[in-house]
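K.L.:
Residues per chain, in single letters:
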Amino acid sequence: MQVTPNCSLSWRAAVIFYLWVCTASLGIALVFVWLGYWPVLPFAGLEMMVLGVALWLSLHRGSYREVISIFPDRIEVARGRTRQRECTVFPLHWARVNLRPTRLASYPSRLVISSHGRSCEIGRCLTESERIGLGRRLDELIGTTAHTPDRWQEVAKPGNAHR
Amino acid sequence: MSTATDAHHDEHHDAPSGWRRWVFATNHKDIGTMYLVFALTLFFVGGAMAMVIRAELFQPGLQFVDPGFFNQMTTMHALMMIFGAVMPAFVGLANWMVPLMVGAPDMALPRMNNWSFWILPVAFGLLLSTLFVSGGAPAAGWTMYPPLVLQTGDAFPFLIFSVHLMGMSSIMGAINIVVTIMNMRAPGMGLLKMPLFVWTWLITAYLLILAMPVLAGAVTMLLTDEYFGTSFFNAGGGGDPLMFQHVFWFFGHPEVYIMILPAFGIVSQIIPTFARKPLFGYDSMVYATASIAFLSFIVWAHHMFTVGMPLAGQLFFMFATMLIAVPTGVKVFNWMTTMWRGSMTFETPMLFAIGFVFLFTIGGFSGLMLGITPADFQYHDTYFVVAHFHYVLVPGAVFAIMAGVYYWLPKWTGHMYNEKLGKLHFWLSAIFVNVTFFPQHFLGLAGMPRRIPDYATQFADFNMVSSIGAFVFGASQLLFVYIIWSCVRGGEKASQQVWEGAEGLEWTVPSPAPHHTFEVAPEVK
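Chains as they are written, first to last, in the working numbering: chain D, 5 to 167; chain L, 2 to 526.
Hints were generated in silico from the structure; no laboratory data involved. Keep in mind that this is a model prediction, so the values were computed, not measured. Just so you know, even glycine gets a beta-carbon here, dropped at the ideal spot from N, CA and C. Each hint should be verified, as a subset may be incorrect.
Computed footprint of chain D on chain L, listed as stretches where at least three residues anywhere in the stretch have a Cβ under 8 Å from a Cβ of chain D [stated by the list, open to error]:
no., stretch
1, 62-72
2, 106-117
3, 206-217
Isolated chain D (complex conformation):
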């Protein structure tokens, strides 16, 4: 199962867009340099740097991935951006999936896998309904909630106690 945030711009499109803006902005600045008004150039360069950083940050956040793999004996949660940075392993039969409600109604809930005192939050980039769906699906696969099928709807309501 792979969890990814929404991103409406591809890296390739972002690079093309950035180069286009740089060409226009630095082109104007270079004309002024040619006329002897060089102080325009550092401002244009600085601005393009900020735009580049802003685009990179936004796309970098969008390249976040969580890969949740379920094996007969364990669950592996691998996470990272361009490559896997962190992998947490839980023994399948001891792992529990919990949706922790929030203190305030308008804040997102937290979906957590835990076992033996360790826990790992997943699906932070999902919407509320998708997080509930993911939790329910994991619960089915792990088999901890076969006896309490409605608990996801219950837990999802803000203010409900953590089970």
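Given chain D, work out where chain L should sit, using these hints.
P.N.:
Just chain L, lined up with the frame of chain D:
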């Protein structure tokens, strides 16, 4: 599993309350509200300066202020209104509405958004403080032409620094808007499915990114000429003061469109809603906006026809200027065609939108008159120019902002505003904006120069009418504040849809819009 929202709302999971909510705000709605309140405040500060100007011009002779202070008022009024009222108001509307319209949970860079806003009060605090320094506030006009501006007293470095800060704020805001629109659109929302307001802001942000470094460079060169012995614009050292005008207007003319393109976007949202018809010629509206933006970069010298330009240059800039009338005409035609045979109703936002179309067109036509080089020699630096740009900026940009505020106020507050008072506000504004600025066309054509505290007696009557119009227009804006205030405090509950004919993602969320908007991912088909 791919989803429709980004992870950005973890930026404010532990959102503070009380004053910390505003100082450390990262939520686009809070920051949008702060921008709008700031813009309204500066609208009244700049408006008070306009009242000083009109009081002095009520009669010939010097009655209330000395000429030096009069020049400070004209300069500060312009800077306050352009950089403190109109631009922040549009940025506030963008902050509030762009994420809602593209289906994003927030702006792409919420912390930078907070910085963009909080730089502004510092910048305007600095600028206003110059009223109390030795030599008074800047008095060389908002265009800051050398060598006159170099005669400013201690206020000069404050002026340059505050302009730099305003520019930084604008650039950071523009970059945030560009990245949000490019990268955070809901699944299915292609570029040509975006609402017109989003499109116009994307193009405006692009204009800001291209134009602002030029202004920053220009004012930095002024600073180095004054304090570091350079001679960029100092004829005595081999520089050319005229080149400042070229550099300034290369920024300044796109700046004019920065202040009007988002207004086009707002009106393009409102007219289809109250005509209950889709916008006529959506694609042509987008292309017209882009064409206007492009043309805005190649017409700067029409502000300088009288400086002694070669004939070929004058002809080029004249024809390029007149060319802008074509895409602008396309837009006006499309708005009219959208209204044609529509099931129109005339709620306050629609009244302001129609007022915008009608009165902005008058400003556009007087602009065409000014664009004709030989005619411009007659009108240059007269009250005709003052009338022209005030028609573009007051019943143009300001009316569009007011239309937008009335249109989205129920979505922001969850309450309906008082419709009767809203209509009264419109009619007072529409009548007295014309009483204020229409006579200024005649004053200009008769030869009254701009930026003077005293004038010949033949201009007395029209000046008196203009001043009366300005006082009533100014006073009627207090009604606007009362309407907003009472709507924030309570009133009839607004539904999710608010307006019967409204379409777009912002109308699919409850009123008021929740703190975190798109917890359920929107889908655009």
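K.L.:
If a hint holds in the structure, say so; if it does not, say that too.
P.N.:
Quick rundown of the hints versus the structure:
no.	hint	in the structure
1	62-72	violated (count 0)
2	106-117	holds (count 3)
3	206-217	holds (count 7)
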